[in-house]
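Got chain A; can you put chains B and C on it based on the hints?
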Amino acid sequence: MATGLTLKELSKKEDRFTHGHRMCSGCGAPTIVKMVLLATEYPVVAANATGCLEVSSCIAEYTAWKIPWIHTAFENAAATLSGVETMYRSLKKQGKIDTDVKFIAFGGDGGTYDIGFQSLSGAMERGHDMLYVCYDNGAYMNTGIQRSSATPLGADTTTCPAGDVIPGKLRSRKNLTKIMAEHNIPYAAQASPSHWMDLMKKVRKAHEFIGPKFMNVISPCNRGWRSQTNDSITLSRLAVNSCYWPLYEIEDGITKITYTPKDKVPVADFMKPQGRFKHLFSPSNEWLLKKVQEEVDKEWTKLKKQAECGC
Amino acid sequence: MAKVVAVTGNEAVANALRQVDPDVCGIYPITPQTDMMQRFASYIANGQVTTESILVESEHSSMSACIGASAAGGRVVTATSSQGLALMWEMLHIASGDRLPIIMPVVNRALSAPLNIHGDHSDAMGARDTGWIQIWSENAQEAYDNTIQAFRVGEHMDIRLPVMVCLDGFIISHSIERMEYLEDAEVRNFVGEYKNFLPLLDLDKPKSYGPLILTDLYHEYKRAQHEVMTKVKNVVLDVAKDFEKLSGRKYGLFESYRLDDADIALVILNSAAGTSKDVIDDFRSKGIKAGLLKPRLFRPFPYEEVAEALKNTKAVCVMDRADSFGGYGPLFMEITSALYQLKERPVLINKIYGLGGRDYMPSHAELVLNELNEIAKGGKARIIKEYLAVRE
Amino acid sequence: MKPKGWKDLPPGSVVLEGGSAVRFKTGSWRAYRPLWIKENCIQCLLCWVYCPDMAIKVKDGKREEFDYDYCKGCGICALECPGKKGKKAIEMTEEGT
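Chains as they are written, first to last, in the numbering used here: chain A, 36 to 346; chain B, -5 to 386; chain C, 175 to 271.
Just chain A, with the same shape it has in the complex:
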């Protein structure tokens, strides 16, 4: 009997990711991991790319993971897990194991969009039965907030700082969710911890498919975003409501928006509480702020069209 997706029922489940981890106060990543594991009604084996989540959750000899877990290097969570999954299939074929296990890889945007892109693409293309969850906080946070290809347009990071001449990142983000969907995988989705039920539904749905699945989850980082420790859920909600981070899924190539904000707010509302966008609110950078809003609107319109046409 599957646990109902109510907080009351879910709260009775055992913590498979424990407290005692060393992530910053108010970090989005542990909440995401918790939600993913709560939603999964199977034994789980996880792999983790090097990054905040990995180094903070497993420092010998403390590990917050109450499930089998493996970290090898930065760029290969997907490749590592594809090895685990293949051994599982081999042992299952030989009759040496008969439990149903779900394989979940966790990686930050650095280890997924950039250095991990190749191994993720390879694993997705080969069709391994695994779910890859990217906790996207928009920069290489563990090493001190450096720009990644997931960093939003206009953001200040230590390697693309908002200086006197160059106002932060001048290139747009990569749309990894769509790139993954184009691998013809059965399921790709975007989620947010603020919309916990939507996130958990997506995790459950993903597990129903056999094959590679990808979920991109916005993960606020109060250090890198220069926001407050209590802001994580609020900011991720604003990201959704401004359509900067739309909640949608692509199932067998068909796009479906799973949440449409009742009142779409300007992306400035999402950015104002974050110090990394402070410079965008000075008159000399008005053009960049405008560009950010235009892009968000363009992407949102495109997404709606895709959802409408059923393609």
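Any given hint could turn out to be false.
Taking CB as the label site, the calculated pair distances span [unchecked claim]:
id	chain 1	residue 1	chain 2	residue 2	range
1	A	T41	C	E268	52 to 62 angstroms
2	B	L49	A	G288	15 to 25 angstroms
3	B	L49	A	T38	32 to 42 angstroms
4	A	K291	C	G260	53 to 63 angstroms
5	C	Y242	A	C344	52 to 62 angstroms
6	C	G270	A	P318	39 to 49 angstroms
7	A	A37	B	K239	29 to 39 angstroms
8	B	K235	C	G179	29 to 39 angstroms
9	A	S207	C	I216	39 to 49 angstroms
None of these hints come from the bench; they were simulated from the model. From the three backbone atoms N, C-alpha and C, an ideal C-beta is built for every residue, glycine too.
For chains B and C alone, kept in the frame of chain A given last:
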């Protein structure tokens, strides 16, 4: 019943892997290893093995996937050469640090730049510090035999370390030689069932592989890893003894060829040792006491045994099919370390030969042995490190 | 905890005990501490699901006290709490007061 065949080195090693029938293998093409795993892939396609293959998108992912599979709990193999080995360099350390008995034939090939697809030892030599056990093979027979023994060595419960079996690219991998196969059942019995050791897929005992370790513990972890390496030598010898019972072929830490009473000697790895042995015989027939030492176990290096074997020689040339730019050849540096402990030691010189698949001919061995002869008489070397047979 | 010698270490640096992080009490990180005002609590459990540190004890589907051994004082629970009739069930107060 041994089966006499005429096969290439790649074919022989692929057959050894078929007979072992591992649980998972990583496959990625790189000359001159490619046809080894291609053959293995057709074994898979024809149902001759039960191996699940992962047709990865790079060698780095190959080793990553192998690490994941080995940690999950089963027998894992992959194979590579040169740039592929170089690409997976970071993962090699992780495989050994995590104590995973992955078995990997390495078909030795030169490293870029410039690009060269032919045989030399720079690839595996560049990986000598990675914590992998390294076993080197002179010919297809040795490559086959070493691959089979590698499983017993790496999977030994006191060891649990990954093993690299080296064979020369093209010279051995692609040349047809007469050799003998063991029966499938013999190999299977010799290698035995895979025994698990801290498997990830043991869901009742969840464990975490690959933690962060800080300055307080890393030093101790590496000390522990070093300790494991010290036990490898004896395991290699034990496994070789068992293998001799099965095959009649004798293996040790290295091969001493007419070395007992030798005045001059070559220390040389892999196929070129085979070429040199004929020349040693020529010199012996002329009354010159020449000998040869062919290392087999390179990591861990058997310093004491090598020193013991070379201690009575007067002049030794260490032949390196790889160079360490700005230093001496890697094999030379091991031999000097071995001999340093002796009160009386031979004059040592270093020749770099055969890079990028450059042919090593009997005449080259002759040149070197003649030079050693002169040194043995006069007691002094003309030059310590020199490139052999290079056009000026 | 006495530092281990190399002979006592697990092979391959594998951490053999899943969930051993519970022995590391992160409660000492707090600068602010959450207080649960029971009479304003509607037992929605949003605080529980949003807490990054699993620092809200729940029994039989109802929240109980904060787990101050682990709570880092981020304040997400206080901010997200819907409260009852406009009154929050969680308030942040300075640690040590």
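Do the hints match the structure? See the list:
Distance hint for A/T41 and C/E268: a CB-CB separation of about 35 angstroms, inconsistent with the stated range 52 to 62 angstroms. Restraint check, B/L49 to A/G288: a C-beta distance of roughly 24 angstroms satisfies the suggested window 15 to 25 angstroms. Taking the beta carbon of each, B/L49 and A/T38 are about 38 angstroms apart, inside 32 to 42 angstroms as hinted. At roughly 36 angstroms, the beta-carbon separation of A/K291 and C/G260 lies outside the given 53 to 63 angstroms, and the hint is violated.
A hinted range of 52 to 62 angstroms for the beta carbons of C/Y242 and A/C344 is consistent with their spacing of about 53 angstroms. C/G270 and A/P318 have their C-beta atoms about 43 angstroms apart, which keeps the hinted 39 to 49 angstroms range intact. Between A/A37 and B/K239, the C-beta spacing of about 57 angstroms breaks the proposed range 29 to 39 angstroms. At roughly 34 angstroms, the beta-carbon separation of B/K235 and C/G179 lies within the given 29 to 39 angstroms, and the hint holds.
Hint check: A/S207 to C/I216, Cβ distance near 42 angstroms, so the stated range 39 to 49 angstroms holds.
Against the hints set out earlier in the document, violations occur for numbers 1, 4 and 7.
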